[in-house]
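Number of protein chains: 2
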Amino acid sequence: VEVINTFTHIVGEPYVLIGSGLEDYTTDWRKRTLGKALAVVLPGNTQEVAKVVKVCIAHNIPIVPQGGNTGLVLGGIPDNSGRQLILSLKRLHHIRNIDVANACITVEAGCTLISIQVAAKKAQWFFPLSMGSEGSCTIGGNLATNAGGTQVLRYGTTRDLCLGLEIVTPQGEVLDDLSALRKDNTGYDLRHLLIGSEGTLGIITAASLKLFPLPKTKSHVWLALTDTHLVLDLLVIARQRLGTYLSAFEVMNTFSLKLVRKHYPEIAIPLLSDGKDYPWYVLLEVSDTTTITNLQPVLQAFLEDTLKDSIVSDIAIAQNLQQSQHFWKIRESIPLAQSREGLNVKHDIALPSAQIPIFVTQTDLLLSKEFRDIRIVNYGHWGDGNLHYNIQCPEGTDPKTFLAEYETNINQMVYAQVAKYRGSISAEHGIGGLKRRALQGYKSPVALAMMRTIKKALDPKNILNPGRVL
Amino acid sequence: VEVINTFTHIVGEPYVLIGSGLEDYTTDWRKRTLGKALAVVLPGNTQEVAKVVKVCIAHNIPIVPQGGNTGLVLGGIPDNSGRQLILSLKRLHHIRNIDVANACITVEAGCTLISIQVAAKKAQWFFPLSMGSEGSCTIGGNLATNAGGTQVLRYGTTRDLCLGLEIVTPQGEVLDDLSALRKDNTGYDLRHLLIGSEGTLGIITAASLKLFPLPKTKSHVWLALTDTHLVLDLLVIARQRLGTYLSAFEVMNTFSLKLVRKHYPEIAIPLLSDGKDYPWYVLLEVSDTTTITNLQPVLQAFLEDTLKDSIVSDIAIAQNLQQSQHFWKIRESIPLAQSREGLNVKHDIALPSAQIPIFVTQTDLLLSKEFRDIRIVNYGHWGDGNLHYNIQCPEGTDPKTFLAEYETNINQMVYAQVAKYRGSISAEHGIGGLKRRALQGYKSPVALAMMRTIKKALDPKNILNPGRVL
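Residue numbers (this note's numbering), protein chains in the order written: chain A, 286 to 755; chain B, 286 to 755.
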């Protein structure tokens with residue numbers, strides 16, 4: 286109680302929440318896990334964050350930093366002890382400035398991703414980070430988890446878009462590295478160490494982010510293919526011939542699209558009819574930042590050659606903006622259709638591109654043998670080697686029962702396959718609390734030892750997000 | 286002696302060098318400093334590197350990892366004690382493989398930069414890292430110092446080009462992170478921590494690097510401007526209108542070009558004649574990866590507008606490959622002309638782009654007042670905010686005497702100005718032994734404390750490159 290008063294003193298009474306009605310902060314995005322918080326504290330600026338951290342150090346209160354609470358790996362909600370404090374960055378939601386000379390924007394951690402996109406666009410610039418949760422997720426969370434999304438192929442992950450951070454250290458000190466230099470070789474790269482550390486090494490309070498010229502033209506193509514090897518061939522040729530124009534390469538298996546058709550019958554899906562479908566579909570996007578150059582002939586020649594060489598079986602080209610948006614809508618409806626179909630086992634894995642075909646063939650087979658009649662929803666950002674390889678229970682069975690019985694086994698089988706082909710068990714969602722145990726089994730022991738050493742050295746009292754990542 | 290035998294046992298007799306004749310390894314690139322080594326050891330593979338490190342740990346022998354020994358900040362040569370071991374990575378010079386599906390190349394640390402460029406080109410790909418020393422410098426050194434060069438504007442620094450590392454830790458363990466995943470969010474980013482750590486946290490033995498489509502067309506323009514503010518305006522407009530096509534934006538002051546003309550009179554310099562010159566020149570490069578799109582109209586319109594708006598005073602356009610190469614030759618002759626003119630005080634600084642004009646005006650003035658008749662060679666990668674802001678002694682005076690008397694004061698004055706505008710005292714060369722003391726004065730104490738904590742935790746015996754960076 287006394288410590289609650291101290292927090293109130295720092296941030297003001299309306300910004301310390303205790304008692305009941307905190308489910309928005311304590312329940313995870315997928316509504317599968319409910320934690321219990323000592324309190325939710327919402328500081329109004331960086332200095333208040335630092336002060337709260339110092340109080341927590343003095344009282345040995347573990348801190349769970351939280352942004353939009355859209356994480357999928359239980360990295361941003363407290364455990365059940367009721368001892369952990371949620372430090373919400375929501376009130377740090379100001380765009381601090383846009384620097385045209387350096388093409389960068391400086392924003393506070395609690396800004397939603399969409400608010401940054403909008404601010405950039407208003408100033409005639411483009412901030413490319415984009416994902417399904419962009420209306421709710423915050424840039425602090427994007428940075429803490431090094432989020433991915435749909436534009437990674439051309440613009441990189443969140444890490445690649447960041448020029449500088451302001452952080453509060455586990456000692457409650459403020460590190461201001463927001464000068465947004467494009468080059469700075471003065472010692473260890475603390476920024477990259479913090480990005481992706483999921484709130485365990487410091488609390489990100491603000492960031493400087495790269496801006497890009499607004500794409501002036503975009504073209505979208507929907508392609509049907511018969512085999513994973515051909516999908517890979519298509520990717521290689523697209524990379525070489527479309528170069529930096531290639532801005533998305535999304536792959537979907539037939540079942541994931543059939544699920545969309547089932548739950549959203551109003552969404553027409555090109556090249557998929559009852560008599561005729563293909564095992565694989567690709568949504569390919571090219572974009573350009575100038576209006577004078579014309580991408581159409583390049584794209585046309587590329588498509589003709591892939592048809593002629595039988596890499597691609599059929600093609601639908603978006604004829605206007607509306608059709609382009611429609612192609613994206615299909616792709617983005619897959620996870621929603623999955624939710625409607627019911628609880629499922631999700632994997633967010635990455636593989637060396639060359640290994641994707643054999644991985645998919647083998648793992649499909651292994652799973653189907655072991656778990657009869659399961660349905661595999663395989664889609665994702667193959668251009669980045671990233672698959673969302675999800676398992677839906679057999680039709681007509683109860684998802685909850687299925688997951689209770691088989692989720693762990695399915696995870697193990699998939700992760701073992703990932704390890705075999707030197708992939709990653711978390712491509713873009715992070716480790717959080719959910720994959721922490723799995724990480725111990727699949728990450729190099731040398732890397733794990735280095736990570737533990739770093740965590741222990743920088744946060745010896747284990748105040749910041751304990752029990753996550755490590 | 287006994288330990289020398291142990292090294293011989295590990296790497297073979299021809300690869301342990303002791304006694305005299307080691308100047309190539311113990312003298313720095315600028316021939317200003319001569320160290321003394323216990324021995325030079327040249328392992329033939331990663332396992333041998335690990336074994337050598339373990340022996341050094343057991344015998345408390347400090348290790349100085351060395352690549353092409355082209356560093357400019359005394360990061361790769363031993364001190365005078367005769368106790369430090371040079372561990373040369375030169376024999377690890379194999380291209381391990383090229384993965385077309387993932388557009389990446391895996392190389393050993395001792396590969397010269399040029400050998401990687403050549404291997405990529407042979408396979409019809411482009412590895413963009415490029416700098417004056419590319420014939421001698423090694424990729425291990427490029428990574429350890431996060432080297433920059435001439436293509437950073439479009440492709441980023443060495444850090445941005447790396448997909449994975451193989452390292453030997455300060456404990457002599459091998460960490461293999463070469464699966465070259467484009468996305469991997471499984472814990473702290475050890476790769477980025479190692480890159481730019483200048484051999485103090487681990488020894489890089491191999492790396493996976495991104496490849497890009499070969500640029501098919503390149504255009505070069507030489508522009509004359511009257512004022513730094515106009516240079517900045519030009520950069521902003523170029524970024525917005527030329528977008529990703531913009532691949533270099535190099536700026537030179539008149540004096541740097543006059544120095545080239547003096548020492549290389551055979552090199553004709555456009556827009557610089559006796560009666561007529563301009564304070565500032567820009568070399569601008571646009572490049573494209575396809576041959577079908579045509580950049581010329583975009584570039585043409587851009588140039589016309591900058592002339593019409595009086596941003597640019599005069600323009601010379603390279604009409605063919607030979608002229609393009611000639612433009613680059615002028616730019617690259619500046620440091621060579623500086624050497625011919627004599628010893629000088631070098632700075633490799635970065636500033637927020639918007640601050641460059643005021644920084645240059647103020648610092649020129651301050652220095653000229655304090656050090657009469659000095660000559661300022663100001664050139665560099667302004668597109669990245671990076672200036673090589675170098676001071677040549679007054680004409681007719683002795684460089685050695687001048688430097689002995691004034692180098693420290695000049696450094697202090699320049700660095701104080703850099704600090705004032707929140708810049709970096711080392712944009713691309715690193716800290717090494719040379720700027721270590723300066724770093725203490727100009728880096729955030731919070732950042733320095735974190736760096737020291739990390740170094741101490743990962744290398745508690747201070748075996749790896751002690752006395753560098755920190």
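If you are wondering where the hints come from, they were derived from the structure by calculation, not from laboratory data.
Be careful, since some hints might not be right.
[Stated by the list, open to error] Derived DEER-like restraints, expressed as beta-carbon distance ranges: (1) A:Lys-407 x B:Leu-499: 48 to 54 Å; (2) B:Gln-402 x A:Trp-613: 50 to 56 Å; (3) B:Ala-704 x A:Ala-701: 31 to 37 Å; (4) A:Gln-581 x B:Arg-625: 50 to 56 Å; (5) B:Arg-381 x A:Leu-651: 52 to 58 Å; (6) B:Thr-539 x A:Ser-421: 27 to 33 Å; (7) A:His-379 x B:Thr-693: 41 to 47 Å; (8) A:Gln-581 x B:Ala-704: 46 to 52 Å; (9) A:Gln-610 x B:Lys-339: 57 to 63 Å.
[Said to hold, decoys possible] Not close to chain A: a few residues of chain B, all C-beta gaps over 10 Å, as computed: (10) Thr-291; (11) Pro-299; (12) Ser-366; (13) Ile-399; (14) Ser-464; (15) Pro-498; (16) Asp-559; (17) Leu-606; (18) Asp-669; (19) Asp-683; (20) Ser-711; (21) Ala-732.
Quick caveat: nothing in here was measured; it's all calculated off a predicted structure.
Glycine residues also receive a C-beta, built at the ideal position from the N, C-alpha and C atoms.
Now the hints, each set against the structure:
The hinted window of 48 to 54 Å between A:Lys-407 and B:Leu-499 is violated, with their beta carbons roughly 37 Å apart. Separation of B:Gln-402 from A:Trp-613 is about 38 Å and departs from the stated range, judged on CB atoms against 50 to 56 Å. Taken as a hint, the range 31 to 37 Å is violated for the pair B:Ala-704 and A:Ala-701, whose Cβ atoms sit roughly 53 Å apart. At roughly 52 Å, the beta-carbon separation of A:Gln-581 and B:Arg-625 lies within the given 50 to 56 Å, and the hint holds.
Taking the beta carbon of each, B:Arg-381 and A:Leu-651 are about 30 Å apart, not inside 52 to 58 Å as hinted. At roughly 54 Å, the beta-carbon separation of B:Thr-539 and A:Ser-421 lies outside the given 27 to 33 Å, and the hint is violated. Taking the beta carbon of each, A:His-379 and B:Thr-693 are about 42 Å apart, inside 41 to 47 Å as hinted. At about 51 Å, the CB distance of A:Gln-581 to B:Ala-704 agrees with the hint of 46 to 52 Å.
Remark: the range hint 57 to 63 Å for A:Gln-610 to B:Lys-339 is upheld by a beta-carbon distance near 59 Å. Every CB of chain A is more than 10 Å from the CB of B:Thr-291 (nearest about 24 Å), matching its label as outside the interface. Even its closest Cβ contact with chain A, about 31 Å, leaves B:Pro-299 beyond 10 Å, as expected for a residue assigned away from the interface. For B:Ser-366, the shortest C-beta to C-beta distance to chain A comes to about 24 Å, beyond the 10 Å cut-off, and the non-interface label holds.
With a least beta-carbon separation of about 22 Å from chain A, B:Ile-399 lies farther than 10 Å from that chain, consistent with its non-interface assignment. The beta carbon of B:Ser-464 sits about 4 Å from the closest Cβ of chain A, which is not more than 10 Å, so the claim that it is off the interface is violated. Residue placement check: B:Pro-498 does not keep its beta carbon more than 10 Å from all beta carbons of chain A (closest about 4 Å). With a closest Cβ-Cβ approach of about 34 Å to chain A, B:Asp-559 is found to remain outside the 10 Å limit, as its non-interface label requires.
Chain A leaves B:Leu-606 outside its interface by the beta-carbon criterion, the shortest separation being 20 Å against a cut-off of 10 Å. Under the 10 Å C-beta cut-off, the non-interface status given to B:Asp-669 relative to chain A is violated; the minimum distance is some 4 Å. The claim that B:Asp-683 is not at the interface with chain A holds, since no C-beta of that chain comes within 10 Å of its own (minimum 32 Å). Under the 10 Å C-beta cut-off, the non-interface status given to B:Ser-711 relative to chain A is violated; the minimum distance is some 5 Å.
With a cut of 10 Å on Cβ distances, B:Ala-732 falls inside the contact zone with chain A, its closest approach being about 6 Å.
The structure fails to meet hints 1, 2, 3, 5, 6, 14, 15, 18, 20 and 21 from the earlier list, while all remaining hints are met.
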